[in-house]
Amino acid sequence: MTKLLEIESLQTHFFTSAGVVRAVDGISYDVDEGETIAIVGESGCGKSVSALSVLRLVADPPGRVVGGSIRFKGRDLLQLSEEEIRDVRGKDIAMVFQEPMTSLNPVLTIGRQLTETLQQHLHMSREQADARAIELLGLVGIAEPARRLKQYPHHFSGGMRQRVMIAMALCCNPKLIIADEPTTALDVTIQAQILELMKDLTRRFGVALIVITHNLGIVARYADRVNVMYAGKIIESGTAQHIYHDPQHPYTLALLRSVPRMDRPRQARLDPVQGQPPDLTRLDGGCAFRPRCGFAVSRCASLPPLDGVGAGHLAACWETETVAGSLQRAS
Amino acid sequence: KAAPKKGGVMTFVVPDEPPSWDGHRETTFALIHPFAPFYSLLIKVNPENPSSPTDFVCDLCTEMPKPADGGKTYTFKLRQGVKFHDGTPLTAHDVVASFKKIISPPKGVTSARVAYFVMVDSVSAPDNHTVVFKLKYPSGAFIPALATPYNFIYSKAKLDADIRWYEKNVMGSGPFKFVAREAGAFVKGERNKDFYVKDRPYLDGFEAIFSSKQALRVQAIRGDRAAIEFRGFPPKSRDDLVKALGKDITVQESPWNCVLLFTPNSKKKPFDDVRVRRALTLAVDRWGGSKHLSQIAIVKPVGGVSYPDHPLAPKKAELEQIAGFWPDINKSRAEAKRLLKEAGQENLKFTLINRAIDQPYTIVGTWLIDQWRQIGVTVDQKMDPTGPFYAKLRSSDFDVTMDFNCQSVINPLLDIGKFLSADKGNESYGGYTDRTLDKMFDDMNRTGDEAEQKKLMLAFEKRVLDEQAHSFVTLWWNRIIPHRSYVKGWKVSPSHYLNQDLANVWLDK
Amino acid sequence: MTVAADVRTEIELPDRSETANWWSRVRQFVRRNPLGAAGAIVIIVMFIMAALADFIAPYNPVANAFDRLHQPPSLENWFGTDQFGRDVFSRIVYGARTALLVGFVSSFIGASIGLVLGVGSAYFGGRTDLIFQRILDVFMAFPLIIMALAVISIFGTGAQNVIIAITIPFIPRCARVVRSSALAIREMPYIDAARANGFSHSRIILRHMVPNVMAPFLIMITAFVGQAILLEASLSYLGLGVQEPTPAWGLMLQGGAEEYAESAPWIAIFPGIAISLAVFGFSLFGDAVRDELDPKLRSQ
Amino acid sequence: MTAAYVTEPGAAPARAAVRSEDGTSPRERDTERRTVTAPDLITVHDLKMHFPVTEGALVPRVVAHVKAVDGISFTIRKGETLGLVGESGCGKTTTGRCILRLELATAGEILFDGNNLIELDRKSMNALRQKIQVIFQDPYSSLNPRMKIGEIIAEPMQVHRTEPDRAARAARVTELLRLCGLDPKFADRYPHEMSGGQRQRVGIARALSVRPEFIICDEAISALDVSIQAQIINLLEDLRDEFNLTYLFIAHDLSVVRHLCHRVAVMYLGKIVELAECDELYNNPMHPYTQALLAAVPVPDPEVERRRAHQIVKGEVPSPMNPPSGCVFHPRCRLAVEDCARAVPEFRELRLGHWVACSVI
Amino acid sequence: MYQYTLKRMLLMIPTLLGAGILVFILMRLIPGDICVLRMAGGSGYVDPKAIANCHAELGLDRSPVMQFLDFIWGFARFDFGNSMWTGRPIVEEISLRFELSLQIAIMATLTAILLAIPLGTISAVKQNTWIDYLVRGFSIAGIAMPSFWLGILIILGLLITTKSVFGTPWMPPIKYVPIWVDPLYNLSMTIFPALATGYRYSAVATRMTRSALLEVLREDYVRTARAKGLVQQVIIRRHALKNALLPVVTIIGIEFAFLMGGLVVTEQVFNLNGLGKLFVASVSNHDYAMTQALVMLVVAIFIFTNFVVDIVYAWLDPRIRYK
Ligand SMILES: Nc1ncnc2c1ncn2[C@@H]1O[C@H](COP(=O)(O)OP(=O)(O)OP(=O)(O)O)[C@@H](O)[C@H]1O
Ligand SMILES: Nc1ncnc2c1ncn2[C@@H]1O[C@H](COP(=O)(O)OP(=O)(O)OP(=O)(O)O)[C@@H](O)[C@H]1O
Ligand SMILES: [Mg+2]
Ligand SMILES: [Mg+2]
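Protein chains in written order, with the working numbering: chain A, 28 to 358; chain B, 235 to 743; chain C, 1225 to 1524; chain D, 934 to 1294; chain E, 66 to 388.
Rather than coming from a laboratory, the hints here were simulated on the basis of the structure. All C-beta atoms in this analysis are idealised placements derived from N, C-alpha and C, irrespective of residue type, glycine included. There could be a bad hint or two in this list.
Derived, one-sided and incomplete: chain C residues facing chain B with beta-carbon distance under 10 Å [unchecked claim]:
#1 Asn1288
#2 Pro1296
#3 Pro1297
#4 Ser1298
#5 Leu1299
#6 Glu1300
#7 Gly1349
#8 Gly1350
#9 Asp1353
#10 Ile1376
#11 Gly1380
#12 Thr1470
#13 Tyr1484
#14 Glu1516
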């Protein structure tokens, strides 16, 4: 099976007055067709920037992709001309953003915003585009789509807007959808609705999905594979099973331990990740998690590579054995 | 000299728009320039010799009368066949009705010049072509007052119907007929074909355009948007126009019957001290100022309280005897400093109230301040728009104020009323009472003897400006009219109020 | 299992990122905002002229010299002389004083009063705010120059009254801007925290709200200074500004600009340039201040 | 208790709570015992907060009401933590603000220490404010950016004169910073120099500065990153035990509420639909809304997730301006019968200490 | 919509009343007297009887409260009375000037819009390039130059260049002729002040366009549009500009209102017989009735313009649509 998307040592930096922010610092992962990949990690670790980099949407200045390659169906997106990449955006790869409240243009009708993509990429006529838009709105579960088409975003609630965003992403039958925290701003009940919808639609149309989130529960429910990011790097990668039952990186472990869980008896006390998130402008060469890590040893001052620790399971840590050992002891 | 040509419309600019159109009630030249061409007067200054202060000729009358009854009766014979613009004949009754409105307006009607005619006892029309003025006492001020250019002759019929009709309407017997007016923009007149002077006027019409910015009026003449402006331009603008247009520009100049004064508030310390007041005038170099300021402002002649070219005005030698006119300015300033020291006011500081008009108020004020700086007096200038300026003058709310005297017909006997005691003349703002001065004035007005008058005038002058130092003359104005050379037949007069009926003006185009 | 360290163990303070020294801050500002830096230079030059006028100006700015009327620029008179023979350069140098005085005093007073009113209105809200809004409407709708004209006519001319005339229209403009940002501030949780703690109104207004509307306040001040200088020039043009013989730029333009525009253009050109430069400088600087203070614009 | 024994709706159970089957920690048992014997600290009775919607700028005219809180009742005992959960806009924050009297409630009463907070005059209320403190959701906007951390923490002490002299205040600031796990050197820093978690600690220190009895935590942790949340939860727990604090813990993260609270109230559109002991609620949710809410929470375990039934509630929360008639939840309810659209369900105590507002079950 | 309009009209009342009180008080605080001013041409002296007479004629002898009530009552009936200075109906005095001011304001606003929107857009899109600096410099120069100074330069420049090119100096007409009477003559007069003020006012609008657009370009929905693969021009035109125009519309509206009442200085420079000149004249003439009427007019225009701006707003922004 061919890889749909291959990202290799992608580096995106922001050149600010406070210094160079290494927001994405050499990440590599692949996405297969129809697969759902999750990227998790704490706030500011570079999840969004890595996603935006794929479509070259990082604001320049101050941001710039400084290295690596992103091959989509074999073509390196970073080498494409401005017109060529425009053709990819929205047509082959679509995005769904975090804030449904602000991601839709308040002064254009929903219909206009849906049809303009169709007109741009598929050169549809106005009528064709309208018909397709109605169809799409119905698909994402919006009642009375024909009437809704003429309305403006402010007539829609948050959940409905996110549905519109999904409809917009599905417009041109893309091969890949990148969803950047699609449900973070929504209530749990709505969140469940949206996720279920996305899952359902991607299955039906065989679309690959990259979901960015920091909710570990969501990942567990929907993702085939999971990449855990920390400070601009992927520090662990594997199937959901790997990540949740056999974490090899101390950060993954700590993250799992720090959240109270509904499926387990009430704990006496939580086990938080100590310390503060790192400042991306002042990373030294070593493992970025080292200052907060309970397993840190002197070797951690040099950067651990992302190495295989099992079939399809990678982790970037010198002390994976110790981590695994501690896990055994605990259970 | 070329023969006058007929035809053409003359455009001129007027710095201001008059309030109402009734000459009897208004006092601004802005009324004269656009409206005088519509009306006739009983007598007027001689348009051929307008610079003379004493040359009056008939307009509606046939002959300048000789005073009878010991100078108390004047009888005017009127032209026959004069018609108003609406075709009705103009008779002595119209003249009488007009002057009655001026001299003794009925209740509710305002006349600006009641005071000019205090000597008049009655005015009557024994027949359709005769008007008789009876005076209470003989007065040299009567004829000049009669020649005042505001004394338009109105139609009795109109006045009887509505005495205020003329405030908003025009109907005269002058060389031009009213055509149109647009608020704030212009007044248009056309030739009165039935004008009583044969072949006049030459012009087909005129258009008076209101334009309040002086620079723009100058440019208007330069760009030939207007041919002339009758108030006067500063010297620099004259030079620019001449330089830019060469022989297309003709310049006429004349001394001007206007003068700026400065008046200390005698009721206020330290100006209650005559030494301080004298020091202030001694510091001012009028002879030098005349030379210098005439390059940048519309002032030039050095003179005393009366118009310098008038027979009653002092000769230069006489003038040089008066404080502030001494030929040696250094001596004068030394004396000023001495006086200040004596009065204990070496570091005198005060505010000069001035009127916020550039030419020549601001410039003369600024010059005065520099003059005073040279005897160690520090002065701040405060400019006020005309309204507040008048208010301050009249309420004596000042240290030293700029003051002015600007009259139409030259009439020193009336004009120096400006310097009388506060309760007497009503026009003096220094707040002083000087009965000696008042008596001199009365004597001057009552005596018919010219030599006597002249002697009294000199004494008056000396007392006002020097001995008592009540109020001071700075420089007399200088009227500069640069106009398009094609404007012919118009002669500059010593007042921008005079000789504006445009009957003799023609265009050489 | 790693022992969960007691949460209360102190979070240690990393060394304060070495506070960029003054000079490098300036350099950063210049790099980020070259136009703003140009504006700042103009302002600094103005301040130097105003402060050291006595040393910089070669002549007495008010002394008439009728032997040197409207001389063109030369080595003796760099910018020529005016209609009274006064040195234009000296008058411009001294004029900076008037410009800065009028500009700063009026904008500072205007903006300060606007600040207090705006914050107060926003804080108390309700009826107070409603009435205040209507009053602001009146002042905003009232033609600015007419207000100035009336004020000058009432109080008379002179620097101090010009300042009053210019200040009054600034007040509602500043109050409106401050009010709208104060309204946003009022909804901030830290104001709720203060109210929940029962702090007095004056404390909340002065300690919590006023410091937080400083950004729009400063922006308004810098923007006003330039406008005030211009307004002063306009008033002078109408004969209502600072008066002769005080050296003031607007006044120099008024007296000389039109009459001598052609024959002695330097009389009007140099003060015209001075005004334009000053306003230019303050506008650029004001923009830069806004960029610096407005976090939305800053994070570009 | 005499014959007139009528429990307040939403009141704490009068006798020992039903124990959860699973083992609880000694500490938890300890607090539970305290709860049972402790007196009521705050009683909210039939609280209503209706925000008028006005029209007309000149003479404002009320055209409608946003029924943000529409008649809720509950009691919190001393030392107890009550969780308040529900979807966005259901009135959780408004409830908290009414207790703080940042909004003047439309109706009802809030009894604290025997005083009805709604009717108190400004002065006595200010005196009481020392005992009721609040921790806000957003650590970025709840600290005045123009004040130093030290000043922020010291200000309430100064105003309430709990620590009248300057040196004592400084000492207490140091103590509080330590208590909240911060370096005392933070005292002369500004909020923008700190991370979100650190700021939230400052917010907590400020709340503690005047030694309150009752703290309202309005989504105190939801703005924080997962890795930091646990730190703050632990801190809140520790402080509660140490100072015998009472919390009203507003949140929408159900797992955190479960971890931290003794009892939980579920709100929906301005009303409390269910209120029970924490374990009782989670193990035995009765109201269909509570059930849906719990079902919607994903669990970080792929195995468990695969096995779980995903019951998804349809539709969205209606606007509180014109809430549905009868039971406000009926348009979205899977159990709804015809009558639900008409009759407002009674808030009943179905089991000891377990109150539900549903007429179907 | 109808109801909304009605509401706005009602909202005008307090503002107008406030402006009325303000102007009434201000005018009466100015020292001086219209009657003195009128009759003191020669030396400042006026007969007290004449003054009293004049006061009675103008109704200035009544108590200020009566005068105020009269003014407001007249205003409420749309009866503005007569000018105290010329004695003519105020409506007649104002109408011609209004026409001129309106024309200049419209032309200047058009100039400003035509300059501001393209320049502001270019400047924002090319942020921090030399084009941006150039546009910003050009627009700030517009603000920095005193308008009368610009006017003087224009007139002088015309005179000098025409003289050197055609041999005779040419300057714009100084008399207004309505555009339908003689369009060429009219335009040759109005175009220069319109350009001068339009340039000046474009500066503010340009800067507003620029900063609004910069802000909008950072919005999430612009990122969405880019993610959809739209062409840059479409993004700017369709997605960004419409949002960015909201504040620009306000600015332009305020400026238009300002131009209607505030072109005092420019009118002097070009001898435009507009409202501004009338304003100055009536204030300095102490023509209370005229000044009051003018202030009410200008304030009404201001409010009306705001109303129009709101409507444009509603048209641009569907979030604010009035029923
Ligand atoms: N325009 C920018 N300028 C400077 N730094 C930026 C910019 N955008 C992002 N960054 C930095 O890049 C890093 C990664 O940001 P990113 O938005 O990818 O985080 P994230 O993982 O998506 O976080 P979150 O969960 O909060 O969305 C952050 O440290 C952020 O500060
Ligand atoms: N001052 C106010 N005026 C009018 N309506 C208000 C006001 N404050 C809150 N509301 C409305 O009251 C309802 C309840 O708001 P509240 O903030 O209490 O909800 P919440 O449960 O805290 O929601 P969230 O989870 O989003 O914080 C909302 O619909 C809100 O729009
Ligand atoms: Mg993100
Ligand atoms: Mg809330």
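### Task
If any of the earlier hints don't hold here, list their numbers in rising order.
Hint check: 2, 3, 4, 5, 6, 7, 8, 9, 14 fail, others pass.
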